[in-house]
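A.B. asks: Residue numbers (the numbering used here), protein chains in the order written: chain X, 1 to 406; chain V, 1 to 250.
Simulated from the structure, these hints should not be mistaken for lab results.
Note that CB positions come from ideal geometry on N, CA and C, so glycine has one too.
The reader is advised that the hints may include incorrect statements.
[Unchecked claim] Within a straight-line C-alpha distance of at most 27 Å, the following computed DSSO-like cross-link-like pairs (lysine-lysine) qualify:
(1) V:K230 x X:K354
(2) X:K286 x V:K139
(3) V:K249 x X:K354
(4) X:K83 x X:K35
(5) X:K367 x V:K113
(6) V:K129 x X:K367
(7) V:K223 x X:K367
[Stated by the list, open to error] Computed Cβ-Cβ distance ranges for the label pairs, DEER-style:
(8) V:K3 x X:I313: 30 to 38 Å
(9) V:L68 x X:P350: 24 to 32 Å
(10) X:E262 x V:N132: 28 to 36 Å
(11) V:E119 x X:S64: 23 to 31 Å
(12) X:G349 x V:E54: 19 to 27 Å
(13) V:N132 x X:S386: 54 to 62 Å
(14) X:E262 x V:N189: 51 to 59 Å
(15) V:Y204 x X:E262: 52 to 60 Å
(16) V:H8 x X:T347: 52 to 60 Å
(17) V:N132 x X:E393: 35 to 43 Å
(18) V:S147 x X:D323: 32 to 40 Å
Read off the chains here:
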Amino acid sequence: MKAVETFTTDFESTLDLPDDNLNLLRRESFEEFKKHGLPTRKEEYWKYSDPSIISNLELEFVSSGQYEDENYDVILVNGKIVKRFKDCQMGDISEGLRSGNLGEDLFKKKDKPFLNLNNAFAINGCYLILESTSRQTIRILNLITNEGKYQAVHPRCVIIAKRNSESVIFEEFRIMGNGTSFVNSVTDVIIEDGANLEHIIMDDFAENTYHVANVCVKQYKDSNFVSHNFSMGKKFARRDFNVELNQSGANCNLFGLYFVDEENHIDHHTTIDHKEAHCNSKEHYKGILSGKSTGVFNGRIHVHPGAQKTDAIQNNQNLLLSDDAIIHTKPELEIYADDVKCTHGATIGPLDEKGLFYLRSRGLNRKEAQQILMRAYVNEIIENVSDEKIRSELMELILDRLPKGD
Amino acid sequence: MLKIENLHVSIGGNQILKGINLEVKAGETHAIMGPNGSGKSTLAQVLAGHEEYEITDGKIEYLSKDLLGMDIEERACEGIFLAFQYPVELPGVNNTYFLKSALNAQRKYRGEKEMDAMEFIDLIGDKIKLLNLNDSLLKRPVNEGFSGGEKKRNEIFQMAVLEPKLALLDETDSGLDIDALRVVANGINSMRKEENAIIIVTHYQRLLNYIVPDFVHVLVDGKIINSGDKNLALELEEKGYDRIVEEAKA
Ligand SMILES: Nc1ncnc2c1ncn2[C@@H]1O[C@H](COP(=O)(O)OP(=O)(O)OP(=O)(O)O)[C@@H](O)[C@H]1O
Ligand SMILES: [Mg+2]
Numbered sequence: 001m002k003a004v005e006t007f008t009t010d011f012e013s014t015l016d017l018p019d020d021n022l023n024l025l026r027r028e029s030f031e032e033f034k035k036h037g038l039p040t041r042k043e044e045y046w047k048y049s050d051p052s053i054i055s056n057l058e059l060e061f062v063s064s065g066q067y068e069d070e071n072y073d074v075i076l077v078n079g080k081i082v083k084r085f086k087d088c089q090m091g092d093i094s095e096g097l098r099s100g101n102l103g104e105d106l107f108k109k110k111d112k113p114f115l116n117l118n119n120a121f122a123i124n125g126c127y128l129i130l131e132s133t134s135r136q137t138i139r140i141l142n143l144i145t146n147e148g149k150y151q152a153v154h155p156r157c158v159i160i161a162k163r164n165s166e167s168v169i170f171e172e173f174r175i176m177g178n179g180t181s182f183v184n185s186v187t188d189v190i191i192e193d194g195a196n197l198e199h200i201i202m203d204d205f206a207e208n209t210y211h212v213a214n215v216c217v218k219q220y221k222d223s224n225f226v227s228h229n230f231s232m233g234k235k236f237a238r239r240d241f242n243v244e245l246n247q248s249g250a251n252c253n254l255f256g257l258y259f260v261d262e263e264n265h266i267d268h269h270t271t272i273d274h275k276e277a278h279c280n281s282k283e284h285y286k287g288i289l290s291g292k293s294t295g296v297f298n299g300r301i302h303v304h305p306g307a308q309k310t311d312a313i314q315n316n317q318n319l320l321l322s323d324d325a326i327i328h329t330k331p332e333l334e335i336y337a338d339d340v341k342c343t344h345g346a347t348i349g350p351l352d353e354k355g356l357f358y359l360r361s362r363g364l365n366r367k368e369a370q371q372i373l374m375r376a377y378v379n380e381i382i383e384n385v386s387d388e389k390i391r392s393e394l395m396e397l398i399l400d401r402l403p404k405g406d
Numbered sequence: 001m002l003k004i005e006n007l008h009v010s011i012g013g014n015q016i017l018k019g020i021n022l023e024v025k026a027g028e029t030h031a032i033m034g035p036n037g038s039g040k041s042t043l044a045q046v047l048a049g050h051e052e053y054e055i056t057d058g059k060i061e062y063l064s065k066d067l068l069g070m071d072i073e074e075r076a077c078e079g080i081f082l083a084f085q086y087p088v089e090l091p092g093v094n095n096t097y098f099l100k101s102a103l104n105a106q107r108k109y110r111g112e113k114e115m116d117a118m119e120f121i122d123l124i125g126d127k128i129k130l131l132n133l134n135d136s137l138l139k140r141p142v143n144e145g146f147s148g149g150e151k152k153r154n155e156i157f158q159m160a161v162l163e164p165k166l167a168l169l170d171e172t173d174s175g176l177d178i179d180a181l182r183v184v185a186n187g188i189n190s191m192r193k194e195e196n197a198i199i200i201v202t203h204y205q206r207l208l209n210y211i212v213p214d215f216v217h218v219l220v221d222g223k224i225i226n227s228g229d230k231n232l233a234l235e236l237e238e239k240g241y242d243r244i245v246e247e248a249k250a
């Protein structure tokens, strides 16, 4: 367990901060993490993804660097804020906890190892408060710079959408350099009564990246959340997307698109907790797998007792472009209320041969025909992004990253 | 232009075509008629290059080249166009974008300059009028949710834009209302030129009133059992396949 040892040394070295209470919280989280260590495949939720592949890496904790790009309102380099957005209240996590802008709850010990690990390190991350009057689109860059090292970074972002605010947050993860990185990111999203939030999360990583991401969303009365989850994860990518519908009238709409190639691995675990009556959730995730890649989609819908009139729809579609690619897709429904509507569906298949023949019979070659069908396939997800500029940027990038066909 | 010799085709182990011989010269229009399941669509699909069919014997020459050695897209670029009996729906693929991509792929193949959006819009304007096509169909995904007749009209629209040398029309008339039939037939007639040829698969004499064929062939059980001029179609209509088959045997 080299990794855990180096996490420990690194953790100790970051404790020389003035605030005792903050360090106490962090220490509790770290102890909790250490108690259980990294999860193994013996655990149900890690059955297909083996986090122990990072345990033998000697990872050095990094939390500094500089970068500027005028296209972004907020920039974090290796988890530390280097650019602040002037038009909203924001700050770093330690400041937020000290000032009381952030509640301690988020940083108390959790039942997920990577959340605890992030909590232990995340002092330099950022929080953003979207005021009630806010009608903003904010672009956040999470940049990881790594010139040939083995490093661990723990980016953290807390987004608080105040009552009736309406905002778009585009959170982008990028890697510069060719080192080996373990990225353990956490995004918390809190959506207060009547607020509307559209959140786009996208990663575009270099080859040697191990990315574990947790997105934790808490919704309150009559709030709306639209999520776009784009993942072009590399070596190892695992994203847990958790939405709690805590009060009635809260609705969420989750779109996801992932592709993997070569021998890479991507795993999405989504959980929607319907805790109260009259909440709707819609989920549509699509994947494209090629080469010898592996994909996992585990979609959990938990309807708690009393959450009557729940309407939950889940759909997962997968395009397998090679015989050697593997996808494990599984809906997981736990329903403890009787007056609910829950539907789910999953498909796995190659590109439509009839469609390919039709396109080719008009003069397009096989590769072009495949590209046209794939473009249509991804567009069904991308087209839901409301901001036209972001949408076309995403389309361009994603088309460039699509498997090139055979 | 097209010369089919002793063509034998099977699929999934079933022999469907059992020795087809057919020659089509530039400028000619041929009609192929025959009962359900006799192999008409199979023949059309094989000519277009469908890869699922197995050619067990015979050869096909197209413009003095070996057609069977050509890829699907190569055949299209060399001027073969199949109007599908069952046009394929392509969800999410915009109809205009699709057709422009196809046209440009063919132009590129022929060493011509690719068309930009403006030039393309100009080009299709006339064809839309010719076929009395509803503009909104162009903005929708290819064939998705199109009515039967709209799909057929869209096939002929594509043909009008791509201007093939050899058009294979597989039951383009089925599903068309009376007015649409006339419009579509006009569209087809407008591409009848000295240097082009058409093969029409149909069950009805109706279409042949508008597009008068030079030759009519009767395909039964994978073989052409009878060939004649336009009057053969009238005779078929009158007597039905059974009697034609009997007479052919006699
Ligand atoms: N994949 C397949 N496997 C087995 N048999 C097939 C397959 N495809 C077609 N056939 C058979 O081949 C025969 C010829 O079919 P084809 O579609 O060519 O007929 P057709 O003459 O066009 O009929 P119709 O007038 O109904 O359109 C039919 O009996 C059909 O069932
Ligand atoms: Mg047919």
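A.B. asks: The structure should be examined with respect to each hint, and the outcome stated for every one.
C.D. replies: Hints versus structure:
1. A hinted pair counts as satisfied when its Cα atoms are at most 27 Å apart, and K230 (chain V) with K354 (chain X) does not qualify at roughly 34 Å.
2. With a C-alpha separation of about 24 Å, the suggested pair K286 (chain X) and K139 (chain V) falls inside the 27 Å cut-off, and the hint holds.
3. Restraint check: the Cα-Cα separation between K249 (chain V) and K354 (chain X) comes to about 38 Å, which exceeds 27 Å; the hinted pair is violated.
4. At most 27 Å may separate the alpha-carbon atoms for a hinted pair to count; K83 (chain X) and K35 (chain X) exceed this at roughly 36 Å.
5. Taken as a hint, the K367 (chain X) and K113 (chain V) pair is honoured in the structure, with Cα atoms around 21 Å apart against an allowance of 27 Å.
6. Between K129 (chain V) and K367 (chain X) the alpha-carbon distance is near 33 Å, which puts this suggested pair outside the 27 Å criterion.
7. For the hint pairing K223 (chain V) with K367 (chain X), the CA-to-CA distance comes to about 36 Å; that exceeds 27 Å, so the pair is violated.
8. Checked against the hint of 30 to 38 Å, the C-beta distance between K3 (chain V) and I313 (chain X) comes to roughly 56 Å, which is inconsistent with it.
9. Under the hint 24 to 32 Å, the C-beta atoms of L68 (chain V) and P350 (chain X), about 25 Å apart, fit the expected range.
10. Judged by the Cβ atoms, the range 28 to 36 Å given for E262 (chain X) and N132 (chain V) is violated: they are separated by roughly 51 Å.
11. Separated by about 54 Å at the C-beta atoms, E119 (chain V) and S64 (chain X) break the suggested range of 23 to 31 Å.
12. For G349 (chain X) and E54 (chain V), the Cβ-Cβ distance of about 24 Å falls inside the hinted range of 19 to 27 Å, so the restraint holds.
13. For the pair N132 (chain V) and S386 (chain X), the supplied restraint of 54 to 62 Å is violated, since their beta-carbon distance comes to about 37 Å.
14. Between E262 (chain X) and N189 (chain V) the CB atoms are about 54 Å apart, so this pair conforms to the stated range of 51 to 59 Å.
15. At about 55 Å, the beta-carbon gap between Y204 (chain V) and E262 (chain X) stays in the expected band of 52 to 60 Å.
16. Taking the beta carbon of each, H8 (chain V) and T347 (chain X) are about 37 Å apart, not inside 52 to 60 Å as hinted.
17. Between N132 (chain V) and E393 (chain X) the C-beta distance comes to about 40 Å, which sits within the given range of 35 to 43 Å.
18. Take S147 (chain V) and D323 (chain X): their Cβ atoms lie about 38 Å apart, and the range 32 to 40 Å holds.
Violated hints, listed in ascending order, are 1, 3, 4, 6, 7, 8, 10, 11, 13 and 16; each of the other numbered hints is respected by the structure.
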